[in-house]
Amino acid sequence: MLTFVVRRLLLAVPVLLGVVFVVMLTVDLLPGDAVTLMLGEHATKDAVAKLRDHLGLDKPFAVRYLEYVGRVARGDLGRSIQQNRPVAAELADAWPATLQLTVAALLIATVAGIAAGVASAVWPNSFFDALARLGSLFGLSMPIFWTGLVLIVVFSLWLNWLPVGGAGSLAHLILPAFTLALPSVAMVSRMTRSAVLDVLREDYVRTARAKGLGELWVLGRHTLRNAFIPILTLLGLQSGQLMGGAVLTETVFAWPGLGRLMVKAIFARDYVLLQGAVLVFALAFVIVNLLVDLSYGLLDPRVGRQG
Amino acid sequence: MDAWARFRRNRLALVGLTLVIVLGLSAVLAPWVAPYDPARQSLIEKRARPGGKFLLGADEFGRDILSRVIYGSRVALLVGLLSAAIAVLGGLVLGTVAGFAGGWLDAVMMRGLEILLAFPYLLLALAIVAALGPGALNTTIAVGIWGVPAVTRIVRGSVLALRETEYVGAARALGAPVPALLRRHILPNIVPGLIVYATLFMANAILLEAALSFLGLGVQPPVASWGLMVSTGRDVLLVAPHVATVPGLAIMVAVLAFNLVGDGLRDALDPRLRGST
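From first to last, the protein sequence lines are chains C and D.
Using the working numbering, the first residue of the first sequence is number -10, and each one after it goes up by one.
Using the working numbering, the first residue of the second sequence is number 123, and each one after it goes up by one.
Because the hints were derived from the structure by calculation, they are not lab data.
Here a beta-carbon is modelled for each residue, glycine too, at the ideal position from N, C-alpha and C.
Treat each hint with caution, since some may be false.
What the hints assert, rightly or not - Computed from the model, here is a short list of chain D residues facing chain C with C-beta under 10 Å:
hint : residue
1    : Ala325
2    : Leu360
3    : Ala366
What the hints assert, rightly or not - Sample of chain D residues with no beta-carbon within 10 Å of chain C, all distances over it, derived:
hint : residue
4    : Pro157
5    : Met231
6    : Pro363
My request is simple: use the sequences and hints to build the entire structure.
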């Protein structure tokens, strides 16, 4: 098990190096002069030269890449251009809010999605099943920034139950978390429905029923446990959707997280900050999928024994 | 039973197809079906409620929302179609090269794809748009590139599987060049899958274009893009909710339509996958 973990961690390193490479390359391909774009056309020659020197833009791409990787390895992500603060500090301020939002959304997606999916599979072609499937079709088709605005209109403007935006209390978290979770609820319930239906057709489920086990026991012990593996894979992939969705949700609800920081960085042409933010997102995505891979071993004893 | 007969029996897919046709017609016939010029401003009628002169109301500048929604279908469909073309063509080329070349080239290309797939959804497109700058063309390129890795995987997988079949092996042994192999043996096998993927990709591309435009990084004003309309309506959300919510409905209907058609096509073209997600 330990060798498996270590090997997977080592495999993540080239992927992250590649992510940094791609981001730096896209910035490098930028038409026109990056520094003039960042500082505006009216910047003094002195300021341009200083920033150019600071960013090391006179050096070749490969050198800058290696230097950046070397600094990142030591925990130095550079200084943001707008605020002139260490990027690591800016990211440290923002990431807890994003973590809170995405974890809340993931919980909602898991609980609501699995519950709806199991109910759909246990009573296939029932009224509830039809409703849930229609709901998931709509859930997958609604742009989440729009869902967020509609929820604000209903729950903040008309009902006056929840705050319009900002962060600070549980009440502030409810609307953004549900907004972000909705497409994932739809995905998870679809996947759960088909996974549970597949397992319910297995011989061992018929055997379990034949020997007189209660339906709840058959569902919990024999069905869900086996249906959970594809669901778990999906949850890992959904975490990537949630991070991308967080960019939109945070913008809609003025939620002070990484996504909003990233959008601000793009508008301010603060590429140092942007690189750092993308790197954190990619790192988080890689870690989540590593955790998913590791948990297969816990669910299915056949996985991971060989190391 | 042939694919079209199976598709026709799927009521949801037919609803989707009808919606797609309506969208296509509204995009092509926009100048004739839109009641007003989408750019015509009328400040005394700004934020007019739906009904009366403006069926779906007017926005912050007194522009007719219905006309702008109709013109917006042009942007959504055009960005969707072109980016789907980029994704499919790019994936087809890369997937074929990786599948036939094998060895170190294949390994390098697959590691490269893994890196692109390590970007959480939306972030790769965001990074590309951040570098290229906003605009309709750059949005299309970003959305298209976002779709390339998945198509490459599909194509490479099929090439690898088909390469080992006896009839492709026989064709190769007879000295058929790779383009001929591709055209006569590989493509016919993967086209149904690619059509399904491209249709579902259209739904995602429309969503992604809308999201980028909503963030202010996609299509720029004064072009009528649905995502952009939601974004500008957001500023007056609390006084005139219809300005932001009505264009969002258009996005939802368009995405739903392509999702329904894509699901229907998948069930019709590959009955084995019926019922899976």
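Tested hints:
1. Ala325: Cβ of alanine 325 of chain D sits 7 Å from chain C, so the hint holds.
2. Leu360: holds, 6 Å
3. Ala366: Interface hint status for alanine 366 of chain D: holds (5 Å vs cutoff 10 Å).
4. Pro157: holds, 24 Å
5. Met231: holds, 12 Å
6. Pro363: violated, 4 Å
Going through the hint list in order, the structure does not satisfy hint 6, though it satisfies all others.
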